[in-house]
Each structure stands twice: as structure tokens, then as C-alpha cells.
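Colleague: Chains as they are written, first to last, in this note's numbering: chain A, 1 to 731; chain B, 1 to 80.
Please note that a few of the clues may not be correct.
Stated by the list, open to error - Below, computed lysine-lysine pairings styled on DSS-like, alpha-carbon distance capped at 30 Å:
| no. | chain 1 | residue 1 | chain 2 | residue 2 |
| --- | --- | --- | --- | --- |
| 1 | B | K19 | A | K245 |
| 2 | B | K19 | A | K292 |
| 3 | B | K40 | A | K292 |
| 4 | A | K292 | B | K10 |
| 5 | A | K245 | B | K11 |
| 6 | B | K10 | A | K209 |
| 7 | A | K209 | B | K2 |
To be verified - Where chain B lies over chain A, by a calculated footprint (3+ residues, C-beta under 8 Å):
| no. | stretch |
| --- | --- |
| 8 | 98-107 |
| 9 | 206-213 |
What the hints contain is simulated information worked out from the structure, not anything from laboratory work. Cβ atoms here follow ideal geometry from the backbone N, Cα and C, with glycine treated the same way.
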Amino acid sequence: MRVNVTPEIVAAHGLKPDEYAHILRVLNREPNITELGIFSAMWNEHCSYKSSRVWLRTMPTTGPQVVCGPGENAGVVDIGDGQVAIFKMESHNHPSFIEPYQGAATGVGGIMRDVFTMGARPVANLNALRFGAPEYARTRHLVSGVVAGIGGYGNCIGVPTVGGEVNFDPGYNGNILVNAMCVGIADADKVFYSAASGIGYPVVYVGSKTGRDGIHGASMASAEFDENSEEKRPTVQVGDPFTEKLLLEACLELMAGDAVIAIQDMGAAGLTCSAVEMASKGGLGLTLDLDKVPCREAGMTAYEMMLSESQERMLMVLHPDRTEAARAIFDRWELDFAIVGETTDTGRFIIRHQGELVADLPVDVLADQAPMYQRPWTPTPPAPYLAATDVPDTDDIGATLARLMGGPHLASRRWIWEQYDHMVMGDTVQRPGGDAAVIRVHNSRKGIAATTDVTPRYCAASPKEGGKQAIAEAFRNLCAVGAKPLAATDCLNFGNPERPEIMGQFVGCIEGISEACIALDMPIVSGNVSLYNETSGVAIPPTPAIGAIGLLDNIEHMATIAFKRDDDVILLVGETNGHLGQSLYAHEIAGRRDGAPPPVDLAVERRNGDFVREQIRAENIASAHDISDGGLLVAVAEMALAGNLGCALDLPKGACLRHAFLFGEDQARYVLGVNAAKVDALMAAAHKNNVPVTKLGKIGGREIVLDGKSVHSVTGLRGTHENWFPDYMEG
Amino acid sequence: MKARIHITLKKGVLDPQGKAIANALSHLGFDGVEEVRQGKYIEIDLAGSDSTQARAKLDAMCAQLLANTVIENYAVELEA
Chain A
1 MRVNVTPEIV
11 AAHGLKPDEY
21 AHILRVLNRE
31 PNITELGIFS
41 AMWNEHCSYK
51 SSRVWLRTMP
61 TTGPQVVCGP
71 GENAGVVDIG
81 DGQVAIFKME
91 SHNHPSFIEP
101 YQGAATGVGG
111 IMRDVFTMGA
121 RPVANLNALR
131 FGAPEYARTR
141 HLVSGVVAGI
151 GGYGNCIGVP
161 TVGGEVNFDP
171 GYNGNILVNA
181 MCVGIADADK
191 VFYSAASGIG
201 YPVVYVGSKT
211 GRDGIHGASM
221 ASAEFDENSE
231 EKRPTVQVGD
241 PFTEKLLLEA
251 CLELMAGDAV
261 IAIQDMGAAG
271 LTCSAVEMAS
281 KGGLGLTLDL
291 DKVPCREAGM
301 TAYEMMLSES
311 QERMLMVLHP
321 DRTEAARAIF
331 DRWELDFAIV
341 GETTDTGRFI
351 IRHQGELVAD
361 LPVDVLADQA
371 PMYQRPWTPT
381 PPAPYLAATD
391 VPDTDDIGAT
401 LARLMGGPHL
411 ASRRWIWEQY
421 DHMVMGDTVQ
431 RPGGDAAVIR
441 VHNSRKGIAA
451 TTDVTPRYCA
461 ASPKEGGKQA
471 IAEAFRNLCA
481 VGAKPLAATD
491 CLNFGNPERP
501 EIMGQFVGCI
511 EGISEACIAL
521 DMPIVSGNVS
531 LYNETSGVAI
541 PPTPAIGAIG
551 LLDNIEHMAT
561 IAFKRDDDVI
571 LLVGETNGHL
581 GQSLYAHEIA
591 GRRDGAPPPV
601 DLAVERRNGD
611 FVREQIRAEN
621 IASAHDISDG
631 GLLVAVAEMA
641 LAGNLGCALD
651 LPKGACLRHA
661 FLFGEDQARY
671 VLGVNAAKVD
681 ALMAAAHKNN
691 VPVTKLGKIG
701 GREIVLDGKS
711 VHSVTGLRGT
721 HENWFPDYME
731 G
Chain B
1 MKARIHITLK
11 KGVLDPQGKA
21 IANALSHLGF
31 DGVEEVRQGK
41 YIEIDLAGSD
51 STQARAKLDA
61 MCAQLLANTV
71 IENYAVELEA
């Protein structure tokens with residue numbers, strides 16, 4: 001393909017004039033179109049993190065539990081007994097907006113490949129989803145496609161989808177967020193990395209054939225949408241979960257031996273990114289012969305092959321004398337296997353096609369000299385404290401509770417997770433609907449708890465507190481099932497970083513997340529950044545989605561949110577000040593969207609979380625639930641619904657205003673159900689640890705009763721809570 | 001009027017089902033199968049006799065429900 005590189009073509013590849021000038025300088029000549037495509041793929045925001053790198057470096061990424069932090073395909077954390085958990089969350093936002101089913105499906109496929117590339121068998125998938133307002137015309141179509149796509153891929157490959165979260169907000173009307181997380185388990189001595197080593201070793205392509213899928217998907221993922229984005233449609237790639245299942249089994253079989261030196265999945269920017277990363281991490285050069293690349297279509301150009309985002313492909317460097325044994329494995333699984341190049345000591349990335357040299361580029365320039373910007377940023381102006389006295393009380397608590405529990409923000413997500421196989425593999429010990437999902441580590445008593453969290457309305461009002469809160473809520477969700485929080489992955493979704501106020505949100509969230517990670521001992525071990533989530537200049541709410549995992553030594557000592565039996569005592573852990581600013585009550589009931597979000601006291605979070613976890617382990621707790629969206633009464637109602645048992649609560653005397661007490665979203669709080677005989681022991685431990693615990697009432701009956709008056713029947717509330725989603729989707 | 005609608009994947013879009021069919025055929029011993037592309041076929045009986053109107057209606061049906069025009073093409077044949 002002979003194409004003259006014009007300024008228009010450079011711009012169409014998303015390269016700025018000064019970036020192109022840098023390319024001319026280091027090459028000392030004009031790049032050809034294939035080389036330009038390679039630079040564009042390597043230097044776009046998605047692959048190079050050029051706007052975010054300076055800030056990502058400031059995040060805490062180490063700890064005694066961390067085996068491998070950010071920079072590899074996924075993060076690796078020690079879970080004892082010679083085993084590791086490998087996990088990551090990644091965005092597939094733009095493709096899912098354009099083709100929701102395939103976009104979400106290939107997002108799930110991509111994140112699973114990141115995990116099994118490193119030698120782990122995927123054991124759980126989670127998804128953090130944000131859609132536009134329910135009444136927005138496209139929302140229903142997008143929800144239905146995304147959920148079907150996630151289920152379609154995960155169910156076919158046979159990995160349970162066990163948890164996640166869903167928000168609706170008009171801020172996502174033109175830019176939905178689909179953040180997929182995968183957790184896998186591997187033996188600690190069988191973890192595989194992407195750094196190539198050895199000279200003259202074979203570079204091997206395995207998996208599906210290369211087609212013209214998603215050409216320039218990675219560049220598209222970094223381009224702002226405009227009204228014409230529908231025309232970018234044909235670039236969306238189609239997933240094939242059955243092939244991915246074969247690839248998973250073939251890779252794990254190969255990894256059981258000693259053939260693999262380095263391995264990298266082909267994700268965004270496919271062959272280009274995987275080859276350059278392996279060479280760069282190993283400090284080597286690499287040659288590719290594109291005539292050897294298995295192609296699905298005739299007549300593919302070098303440009304197309306280098307930028308194709310066809311799914312279910314991997315690139316590996318193998319021991320030369322193990323290559324034929326490796327080929328036999330992939331033949332048996334009916335997957336393509338082709339030696340497409342070799343490692344060199346030249347530091348150059350050299351590509352040949354049909355007898356011609358089509359690219360000759362320095363690896364270090366592509367990988368390490370990608371532009372890095374210290375973008376100007378302006379801090380988000382602090383939101384003033386909103387006093388509870390300025391938020392109107394409600395005269396009907398039952399109706400208010402029903403409106404919250406039967407609205408888009410808190411309604412049961414059953415309609416979604418019933419489409420997911422959440423039990424396949426037989427190790428799901430805590431299903432969707434609780435604070436965190438729990439997966440048994442096969443053939444052991446250990447469990448991995450996993451959750452995804454962020455509250456975008458908090459982040460919008462105060463990026464720093466919102467960032468802290470995202471980690472704190474993940475910490476609470478893990479503690480509430482009895483798991484020791486281990487580490488987190490972040491999926492940072494923001495608008496256009498070239499706007500100082502958006503960059504300010506990014507910086508604020510990073511600062512908050514970092515502070516909380518340190519205080520709660522949950523380092524960030526992997527992640528992904530998705531910027532330019534804007535339509536016509538309007539950005540999404542800042543959404544730094546956090547995925548976190550924790551460890552249960554013994555799944556027998558696990559708590560769930562369900563009320564267990566009559567006469568158990570209901571206890572409130574933590575202090576209630578009645579903070580209504582940015583609460584769901586303020587937003588949905590009082591129509592107040594101003595005010596600061598609840599402040600996060602990380603020392604208190606840690607103290608209260610450690611206390612709850614210890615008490616679960618001591619078998620003093622029958623049910624536990626963290627308090628988040630909707631506040632105390634919502635948490636209690638969710639426990640009542642889960643256990644199909646009512647309760648009677650008495651408001652503590654001298655507490656804050658009633659509506660602030662019931663619906664305020666103060667942090668570091670939990671509701672517990674405790675057997676009456678164990679209350680004294682628990683209270684004594686609380687006293688010793690300086691943890692405030694208040695008796696709220698007891699479990700029993702069929703109603704939720706407040707100060708002697710029935711607020712709502714459990715059955716009636718269940719209908720409201722369960723029906724919103726199916727009713728909405730039937731629309 | 002009877003409409004016959006063929007819906008096929010656009011050129012270049014991966015067809016996992018077609019791939020599975022091709023694989024199965026070669027396992028059954030049919031050699032020489034190079035590629036299989038599959039799609040779906042829909043028949044619709046429509047009231048009325050105005051073929052221009054019918055075509056417009058069928059186009060709308062394909063765009064809104066029958067075909068996923070992001071990755072699929074459709075072709076409509078009308079029989080009076």
C-alpha cells in the first residue's frame with residue numbers, strides 16, 4: 001500500500017503535529033503508512049497513557065502481598081499456600097456504545113485473556129456498568145445488549161459472572177461505561193510475564209486468524225464521540241467465546257511445561273502492541289514476517305494486519321527446542337499456530353511483507369518515548385457542606401423507602417444477574433446480591449471475595465473524597481463478608497484530559513484513591529485509563545471504578561447480608577452524623593444535588609472494618625451489611641428482603657434529625673444481625689477497640705417497624721424492589 | 001405480498017457460527033470446504049399491494065429489529 005503521509009492522514013491517526021515532528025526527528029525520515037499506523041497505535045492515549053502516566057506513577061502499588069503490580073497484563077497477589085490471585089479491570093466503553101452486545105462480549109473476552117495470559121485460570125468475572133438516564137431513548141437498548149453480551153461470552157466460556165454494579169445517570173447518555181473485571185488463580189511458581197528474552201528465539205502467533213476487525217479500535221477508543229460516531233460502526237469486532245475457551249485450555253496446557261518464555265495477549269492494537277511490549281520489556285529487537293500470519297481474508301495489507309483487533313489471539317516467545325511440542329498442543333485444540341518472527345539483539349522492530357521491508361522502527365522509541373504530558377489542571381472547587389436542616393424531612397418514611405428501593409439506583413439487579421451463569425465451576429459460595437461475591441479456591445477452604453465500587457456523584461462533588469470513598473466502600477464490602485482486603489485494580493473513566501477541569505477531577509480522584517489505598521493497605525496492582533468519554537463537549541461524571549479482592553482463610557466464617565432468625569439483635573457499627581449532602585435521599589427525594597459528599601475518615605474505616613471482620617471470624621455475627629447508597633434504612637431493608645424477615649427498630653434518643661439518621665450516608669458504618677446470646681461479647685470487643693456500636697432493635701415479624709409503627713411490609717417492599725428492572729426493560 | 005429477507009454478516013465480520021459449520025463439515029469428511037458464511041432468512045406476509053410502501057416498511061423493520069446493521073447487511077425480495 002503506497003500512501004503519501006499528509007498532515008490530514010497524520011491527524012486522522014490521532015497524532016498531534018508536535019508528536020509527528022518528534023517521529024520525523026527520531027527516524028530522520030518520513031514514516032510510511034504502516035509505520036505511521038504503528039506509531040499511532042502505540043502513542044494513542046489508550047496504549048501510552050500519555051495524559052495519565054505522570055499521575056499513575058504516584059499511586060501506591062507495593063506491599064508484602066503484591067507479587068506483581070501494574071505494567072503486566074494483570075496484577076498478581078499472594079493468597080498463601082503457594083497460590084496467587086491474578087486480576088484486573090478494564091474498560092470497553094466506546095465499542096459497547098456502538099455495538100452493545102459485541103462490545104461488552106469482547107470486553108469480557110479481553111479481560112479474561114489478560115488473566116490467563118499470566119498463567120491463571122479465570123474463576124470469576126465482575127462488571128461495573130454505567131448507563132444514561134432510564135428515560136433516555138437509547139438506554140434500554142444499550143442495557144439489554146450489554147447485559148446479553150456479558151452473559152453470552154461469560155456463559156459460553158464457562159466462567160461465572162458473580163458481581164458488579166450498575167448506575168443510571170444522564171451524564172452517561174452519550175458515553176456508557178462497560179468496565180469488566182476478571183479474577184483468576186494460579187500457582188505462584190507458574191506465573192508468566194511478557195518480557196522476551198533470548199536471541200533468535202521464535203515469536204509464535206496462536207489462536208484465531210487475523211481479519212479486518214476493529215482496525216483502529218484503539219485509536220477510536222481515544223477519540224471523542226461526535227454526532228457522526230454511528231459511521232465508525234464497522235470497526236467493531238465480534239467475539240468467539242468457544243475459540244477463547246480452546247485458547248484458554250491450550251495456553252494452560254502449554255504453560256504446565258517449560259516452553260513459554262514470554263506471552264502477551266493481543267488486545268488493543270493487536271499484533272503491534274503485543275510485539276513491541278514483549279521486545280521492549282526484554283530490551284530486545286523483534287522481526288515479524290507477515291506472510292506467516294494466519295489471515296481470515298485474502299489481500300490483507302501490512303497496515304491492516306498490524307492494526308487488526310481480531311479477538312482470541314496471543315503472541316509468545318518460546319524455547320526453540322520446545323516449539324514443535326507446543327505446535328502439537330495447539331493443533332490438538334484446533335487453533336492456529338504460526339512462527340511469525342524471532343527475537344533479535346538489534347533493538348529494532350522490523351516487519352517484512354511479500355518480500356518487502358514494511359517497517360523498521362526503534363523499539364525503545366515506540367514503547368518508552370511515547371509522549372508524556374503534564375496536562376494543566378484546575379482543582380474542582382470545594383462543595384459547601386449541606387446541612388440536614390436544609391434538606392426537607394419526609395412525612396411518609398415508608399413511601400420514601402419504597403421510592404428509593406423501587407427506583408433505578410437501588411432496585412434489585414436480579415434481571416441482570418439472572419442472565420449470567422453465576423454458579424458455573426461450582427465454587428460460587430456467595431452469589432450476586434450481597435456486599436461482595438465469594439468464590440471458593442478449588443479444593444480448599446479458602447475463599448476469594450471480590451467487589452466493584454465507586455460513587456460517581458461523590459466524585460463529581462469532590463474528586464478527592466470520592467476517590468477515597470471508592471476504596472473505602474470496596475474495603476467495607478470485603479470486610480462485610482469476612483474477607484481480608486488484599487489489593488485493588490482501578491478503571492479510571494473520565495472526560496477529555498485536555499480540559500483543565502477534567503484533569504483536575506482525574507488528579508483529585510487519584511490523590512483520594514492513593515491516600516485510601518495506603519491507609520487501608522490495598523495497593524493498586526493493575527488498571528486501565530479511559531479518557532475522552534465526552535459527547536459534544538459534555539463529559540461523563542468522574543468515574544474511577546475500583547475492583548478489589550480479599551481473602552477468607554475459611555469460607556465457613558463468611559457473613560451474608562440476610563437476616564437469619566427472629567430475635568437476633570440489630571446493631572449499628574460506626575458513628576452517624578446524618579450527612580445528607582450528595583446522598584440518594586438528597587438527590588432523588590429532596591431534589592438537592594449540591595453539597596459536599598460524606599467525608600471519609602480512613603483511620604475509622606480501618607478500625608471499624610477490622611472489627612467487623614474479626615467478629616465475623618469469631619462467629620459473633622449472623623448477618624452483616626455495609627451502609628452505602630441510601631443510608632441506614634435502605635441497608636436494613638435490604639437485609640430484611642434478603643432474609644425474608646421483618647424487624648423492629650427504635651431510633652436512638654438524641655440522635656440527629658430523623659431523616660438524616662435514616663437516609664444519611666455517613667461512611668465507615670455497618671448493620672449487623674447478632675444472636676442475642678453473643679451481643680455482650682461483641683459489645684465488649686467493640687468497647688475494647690473503641691468502635692461505636694449502637695443497638696437499633698431486633699429481627700422478627702413481616703414488617704419493618706420504626707418506633708412502634710409499621711413503615712412497610714417486607715412482601716410489599718419486595719415487589720417494588722424486584723419489579724422495577726423487569727418492568728423498565730419491558731418498557 | 002410476500003417478502004423474503006436475507007440477513008448476512010457484512011464482509012469481513014467474523015462469523016463464529018460459519019466457522020463452526022466449516023469445521024463440522026470437514027470433520028464429517030467433506031473435503032474442499034474453504035469457507036462458510038451463514039445468515040438468516042425471514043419470510044413476511046404483508047397486507048396491501050403498494051410495493052413502494054411495502055419496501056419502505058420492510059426497510060424500517062430490518063433497520064429496527066430484524067438486522068443488526070452495525071455488523072449485518074440485509075436484502076429484501078418482494079413477491080406480489
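Colleague: Against this structure, judge whether each hint is valid.
Modeller: Each hint, compared with the structure:
1. B/K19 x A/K245: Holds, at roughly 15 Å.
2. B/K19 x A/K292: 21 Å, holds
3. B/K40 x A/K292: It is violated: about 34 Å lies between the C-alpha atoms, which goes past 30 Å.
4. A/K292 x B/K10: Distance of about 26 Å is within 30 Å: holds.
5. A/K245 x B/K11: Judged against 30 Å, a Cα distance of about 25 Å means the pair holds.
6. B/K10 x A/K209: Distance of about 17 Å is within 30 Å: holds.
7. A/K209 x B/K2: Outside the cut-off at roughly 40 Å; violated.
8. 98-107: holds (count 4)
9. 206-213: Holds, because 4 residues of the stretch 206-213 of chain A bring their Cβ atoms closer than 8 Å to Cβ atoms of chain B.
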